[in-house]
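Asker: Sequence:
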Amino acid sequence: MIFWIASYPRSGNTLLRILLKEVLGYGTFESEVFDYSLLPGFFETIDPKHAQAPWPEFIAWAQSTTEPVFIKTHKVPTDGNPVIFIFRDGRLCLESYLRFHHDVLKSSDASLKRLIIGDDYYGCWSDFCASALAEKMERTLVLKYEEVVENTDETLHLIAKFTGLPAPQKKWTNPFVQLNEAIPNFFRNGQVRWHSDEDSWQKSDRTAFAFLHGEMMERLGYFAAGEREAVLVDADHDFCEYVHLAHKQCLTKFRMQSDLEAKEAVIQELLRVKVTPA
Numbered sequence: 001m002i003f004w005i006a007s008y009p010r011s012g013n014t015l016l017r018i019l020l021k022e023v024l025g026y027g028t029f030e031s032e033v034f035d036y037s038l039l040p041g042f043f044e045t046i047d048p049k050h051a052q053a054p055w056p057e058f059i060a061w062a063q064s065t066t067e068p069v070f071i072k073t074h075k076v077p078t079d080g081n082p083v084i085f086i087f088r089d090g091r092l093c094l095e096s097y098l099r100f101h102h103d104v105l106k107s108s109d110a111s112l113k114r115l116i117i118g119d120d121y122y123g124c125w126s127d128f129c130a131s132a133l134a135e136k137m138e139r140t141l142v143l144k145y146e147e148v149v150e151n152t153d154e155t156l157h158l159i160a161k162f163t164g165l166p167a168p169q170k171k172w173t174n175p176f177v178q179l180n181e182a183i184p185n186f187f188r189n190g191q192v193r194w195h196s197d198e199d200s201w202q203k204s205d206r207t208a209f210a211f212l213h214g215e216m217m218e219r220l221g222y223f224a225a226g227e228r229e230a231v232l233v234d235a236d237h238d239f240c241e242y243v244h245l246a247h248k249q250c251l252t253k254f255r256m257q258s259d260l261e262a263k264e265a266v267i268q269e270l271l272r273v274k275v276t277p278a
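In the numbering used here, the protein residues as written are 1 to 278.
Where hints are given, some of them may not hold.
Stated by the list, open to error - Here are the simulated DMTMM-like pairs of lysine to aspartate or glutamate, each with C-alpha atoms no more than 25 angstroms apart in a straight line: (1) Lys72 <-> Glu261; (2) Lys72 <-> Glu138; (3) Lys203 <-> Asp119; (4) Lys170 <-> Glu44; (5) Lys75 <-> Glu138; (6) Lys136 <-> Glu154; (7) Lys171 <-> Asp47; (8) Lys49 <-> Glu261; (9) Lys136 <-> Glu22; (10) Lys21 <-> Glu32; (11) Lys49 <-> Glu264; (12) Lys21 <-> Glu150; (13) Lys253 <-> Glu264; (14) Lys75 <-> Glu32; (15) Lys75 <-> Asp119; (16) Lys263 <-> Asp35; (17) Lys170 <-> Glu150; (18) Lys248 <-> Glu218; (19) Lys72 <-> Glu264; (20) Lys161 <-> Glu22; (21) Lys72 <-> Asp259.
What the hints assert, rightly or not - Label-pair restraints from in silico Cβ distances: (22) Leu251 <-> Asp35: 25 to 35 angstroms; (23) Gly221 <-> Thr173: 37 to 47 angstroms; (24) Phe176 <-> His102: 17 to 27 angstroms; (25) Val273 <-> Leu232: 51 to 61 angstroms; (26) Ile267 <-> Ala60: 16 to 26 angstroms; (27) Gly226 <-> Pro40: 41 to 51 angstroms; (28) Met1 <-> Phe176: 26 to 36 angstroms; (29) Val266 <-> Gln63: 13 to 23 angstroms; (30) Leu232 <-> Pro175: 37 to 47 angstroms; (31) Lys161 <-> Gln202: 36 to 46 angstroms; (32) His157 <-> Met137: 10 to 20 angstroms; (33) Gln178 <-> Ile267: 40 to 50 angstroms; (34) Gly226 <-> Lys203: 10 to 20 angstroms.
Simulated from the structure, these hints should not be mistaken for laboratory data.
Every residue, glycine too, gets a C-beta built ideally from N, C-alpha and C.
Work the whole structure out from these sequences, hints included.
Answerer: Take a look at the structure:
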């Protein structure tokens, strides 16, 4: 049975996978190919699992087996299988993701402004959260990054109950310090909460973020009541309109990209079936 581990990038997906492996004894499969040469030591430390069969065959096997099969993704699954979603404060997510772009992917064109409006392969932070929260509650378990870090025992029991696994007996010690020493450009600081006194964002970034993501931040408890309004009280109307249009264009681009990928997957599967000997 498939259980997706889904999050927007830099939300704690990898840390949860380590938790699953070390305490519950289940590794996690990758849903996408990643060049691990960009992260020396990552493969040996995390030990991700990879499908040994073509993806459609792997998915068919994973759905048919009685054992849980955990699969990592940074997209919202739509196949009806159970999903464990992980959310993190959007400001921390985007800051960490920007550093990942610069330090690991060496992306010269990545910027905080582009991530805020959703101009990225994985789209927009709050759009991901909204799509995740729209899924049927009975097939989803929603966790927050800070819960994984600070309330690990409770998190483990929630996961065990959701997946039907036995209650964990083993205690878990967060290995973040060791992970930071081994792979510092991936495990950076593991910050749990935003500290406004450390805010280095430009005013335009804070305004754009509050305008596009403030409602979701309030919904998830990362903005206090009235915090969004306080940021936007003197916001320029024309600037907000520009931000809205830029985000709308990025959303269209993201949806077209997703449609093209889905069509390409169908084509590749048809070609694979066609050349497979009878």
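Asker: If a hint holds in the structure, say so; if it doesn't, say that too.
Answerer: Here is how each hint holds up against the structure:
Of the supplied pair hints, the one linking Lys72 and Glu261 holds, its CA atoms being roughly 18 angstroms apart against a limit of 25 angstroms. A C-alpha spacing of about 20 angstroms is found between Lys72 and Glu138, which places the hinted pair at or below 25 angstroms, so the restraint holds. Simply put, Lys203 and Asp119 have alpha-carbon atoms about 19 angstroms apart, close enough for the 25 angstroms limit, and the pair holds. The straight-line distance between the Cα atoms of Lys170 and Glu44 is roughly 23 angstroms, inside the 25 angstroms bound, and the hint therefore holds.
Between Lys75 and Glu138, the direct Cα distance comes to roughly 19 angstroms. Compliance with the 25 angstroms bound is thereby established for this hinted pair. For the suggested pair Lys136 and Glu154, the alpha carbons sit about 22 angstroms apart, so the restraint of at most 25 angstroms is met. At roughly 21 angstroms between alpha-carbon atoms, Lys171 and Asp47 fall within 25 angstroms of each other, so this suggested pair holds. For the proposed pair Lys49 and Glu261, the alpha carbon gap of about 23 angstroms is at most 25 angstroms, so the pair holds.
Between the alpha carbons of Lys136 and Glu22 the distance comes to roughly 29 angstroms, so the proposed pair goes past 25 angstroms and is violated. A hinted pair counts as satisfied when its Cα atoms are at most 25 angstroms apart, and Lys21 with Glu32 qualifies at roughly 19 angstroms. Distance check on the hinted pair: Lys49 and Glu264 sit about 24 angstroms apart at the alpha-carbon level, within 25 angstroms; holds. The suggested pairing of Lys21 with Glu150 holds, with an alpha-carbon distance near 18 angstroms, which does not exceed 25 angstroms.
Restraint check for Lys253 and Glu264: the C-alpha separation of about 16 angstroms stays at or below 25 angstroms, so the hint holds. The suggested pairing of Lys75 with Glu32 holds, with an alpha-carbon distance near 11 angstroms, which does not exceed 25 angstroms. Proposed proximity of Lys75 and Asp119 is supported: the alpha carbons are some 15 angstroms apart, at most 25 angstroms. The hinted pair formed by Lys263 and Asp35 meets the criterion: a straight-line CA distance of about 24 angstroms does not exceed 25 angstroms.
Only pairs whose Cα atoms come within 25 angstroms are accepted, and Lys170 paired with Glu150 is accepted, the gap being roughly 16 angstroms. The hinted pair formed by Lys248 and Glu218 meets the criterion: a straight-line CA distance of about 21 angstroms does not exceed 25 angstroms. At roughly 21 angstroms between alpha-carbon atoms, Lys72 and Glu264 fall within 25 angstroms of each other, so this suggested pair holds. Proximity of Lys161 to Glu22 is assessed by CA-CA distance (about 17 angstroms); at most 25 angstroms being required, the pair is judged to hold.
Of the supplied pair hints, the one linking Lys72 and Asp259 holds, its CA atoms being roughly 20 angstroms apart against a limit of 25 angstroms. The given range of 25 to 35 angstroms is respected by Leu251 and Asp35, whose C-beta atoms sit roughly 28 angstroms from each other. One distance hint, 37 to 47 angstroms for the beta-carbon pair Gly221 and Thr173, is violated here, with the actual separation near 27 angstroms. Separation of Phe176 from His102 is about 21 angstroms and conforms to the stated range, judged on CB atoms against 17 to 27 angstroms.
Between Val273 and Leu232 the CB atoms are about 53 angstroms apart, so this pair conforms to the stated range of 51 to 61 angstroms. Taking 16 to 26 angstroms as the suggested C-beta distance range, the pair Ile267 and Ala60 conforms, at roughly 19 angstroms. Checked against the given bound of 41 to 51 angstroms, the beta carbons of Gly226 and Pro40, roughly 46 angstroms apart, stay inside it. For Met1 and Phe176, the Cβ-Cβ distance of about 30 angstroms falls inside the hinted range of 26 to 36 angstroms, so the restraint holds.
Range check, Val266 to Gln63: Cβ separation about 18 angstroms, and the 13 to 23 angstroms hint holds. The hint said 37 to 47 angstroms for the Cβ distance between Leu232 and Pro175, and at roughly 40 angstroms that hint holds. For the pair Lys161 and Gln202, the supplied restraint of 36 to 46 angstroms holds, since their beta-carbon distance comes to about 44 angstroms. Between His157 and Met137 the C-beta distance comes to about 18 angstroms, which sits within the given range of 10 to 20 angstroms.
Our hint of 40 to 50 angstroms for Gln178 and Ile267 holds, since their Cβ atoms are close to 44 angstroms apart. At about 18 angstroms, the beta-carbon gap between Gly226 and Lys203 stays in the expected band of 10 to 20 angstroms.
Hints 9 and 23 from the earlier list are contradicted by this structure; the remaining hints agree with it.
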